[in-house]
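The primary structure of each chain is shown beneath.
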Amino acid sequence: AQSVTQPDIHITVSEGASLELRCNYSYGATPYLFWYVQSPGQGLQLLLKYFSGDTLVQGIKGFEAEFKRSQSSFNLRKPSVHWSDAAEYFCAVDNMEYGNKLVFGAGTILRVKS
Amino acid sequence: NAGVMQNPRHLVRRRGQEARLRCSPMKGHSHVYWYRQLPEEGLKFMVYLQKENIIDESGMPKERFSAEFPKEGPSILRIQQVVRGDSAAYFCASSPHSLGVGSYEQYFGPGTRLTVT
Numbered sequence: 144a145q146s147v148t149q150p151d152i153h154i155t156v157s158e159g160a161s162l163e164l165r166c167n168y169s170y171g172a173t174p175y176l177f178w179y180v181q182s183p184g185q186g187l188q189l190l191l192k193y194f195s196g197d198t199l200v201q202g203i204k205g206f207e208a209e210f211k212r213s214q215s216s217f218n219l220r221k222p223s224v225h226w227s228d229a230a231e232y233f234c235a236v237d238n239m240e241y242g243n244k245l246v247f248g249a250g251t252i253l254r255v256k257s
Numbered sequence: 037n038a039g040v041m042q043n044p045r046h047l048v049r050r051r052g053q054e055a056r057l058r059c060s061p062m063k064g065h066s067h068v069y070w071y072r073q074l075p076e077e078g079l080k081f082m083v084y085l086q087k088e089n090i091i092d093e094s095g096m097p098k099e100r101f102s103a104e105f106p107k108e109g110p111s112i113l114r115i116q117q118v119v120r121g122d123s124a125a126y127f128c129a130s131s132p133h134s135l136g137v138g139s140y141e142q143y144f145g146p147g148t149r150l151t152v153t
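Chains A and B, in that order, are what the protein sequence lines are.
Letter by letter, the first sequence follows residues 144 to 257 of the numbering used here.
Letter by letter, the second sequence follows residues 37 to 153 of the numbering used here.
Isolated chain B (complex conformation) (with noise of 0.2 Å):
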């Protein structure tokens, strides 16, 4: 069972371009979750969608900043018009459809590293 992909891994781009980054969920689980890590800080929550909707989105910077799930295809985190503070790592996880306590466990991927130059 493949765990959390997350790609690309790392990415680098210009200020004022758009960065793009993707998230398969583990197999069977139909929920996603994403976090930024900042440099020196732990993770910080961003949003929370199940297929085809956001469930939670108060961690999201109010502009710039959308994400999706759609019925088909990975989870894209999108950031248009990226700024040098946008740098961080950016986690995806995901978690069972499932009720009771196994769906509170989430699992994590490798991450993105975005630099913005």
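This is chain A alone, in the form it adopts within the complex (with noise of 0.2 Å):
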């Protein structure tokens, strides 16, 4: 079974840093990849996606990830965070099996401390 593995469960970094999230996958083929934010008692924003193509892709908020087949990866980064990036992070994978099944990694919870 495909598996989603966000290998940092907490980040910290300071405002106007950079940030890197790490998402690595399990699937045979490539799948279609996505990362969504959710802010504490909200639900789910889609920043980015990638189905083909450019193997980086920019998304809203200043965000972009790059997809590395060769690593089974798809990490999330931004060249300079803002307080308002404080949030958890979700890497996830379509299951195109059943056609739409979302496989979640855990999450990364970033803090940002100014």
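Do not rely on the hints blindly, as some may be mistaken.
[What the hints assert, rightly or not] Derived lysine-lysine pairs resembling DSSO-like cross-links, with alpha carbons at most 30 Å apart:
#, chain 1, residue 1, chain 2, residue 2
1, A, K192, A, K211
2, B, K80, A, K211
3, B, K98, B, K80
4, B, K87, A, K192
5, B, K87, A, K204
6, B, K80, A, K204
7, A, K192, A, K204
8, A, K256, A, K192
9, B, K63, A, K192
10, A, K192, B, K80
11, B, K98, B, K87
No wet-lab data here; the hints were simulated from the structure.
Mind docking these for me? Both chains are given alone in their own frames, and the hints should help you get the complex.
What follows is the structure, encoded as structure tokens:
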């Protein structure tokens, strides 16, 4: 069965510093890949997605992610973090076997210190 | 264009009662998904429905849980005889009825936080 691993449960960065959140997946084919953000008590907002083509994808709020097939990774990056980026971030993979069934990682909680 | 609507946002039930969670997909979306988020965990797929059809219920517990998406009205996730372990956030997502990669984007509602006392 496919799985998604986010190895960092918590990450703390200083405001203005760069950020990289890691995501690795286990899946035979190239899946559809997503990053979502969840603020406390809120639903999930889609940051960006990868389906095919250019392996560097741009998303909202200044985020980007790079798909690396050889490493089965889809890491999320931001050059300069803002205090409002503090939230929980989820990487997800689309299980296309039955159409649309997202498999989520356990999430990474981002703390931003001023 | 209103987003995915879920109600209630918070629901408190005593053990043994029934919980009914509602989800109205985005306009033009005919695919609905339910996910459960237990405390300190990521979201876990429960069920995938299209209008009047259950497509994939591989993530649903075998007992006490059921889901429907009728021709008219919202999708309902029903939990009978709730237990403390059912306390979680339940999220609904929807996607468009279309072919191609656009159909793979899921838009999430704000969730229903169920507390079983």
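Original post:
Of the hints given before, which are not true for this structure?
Top reply: 5
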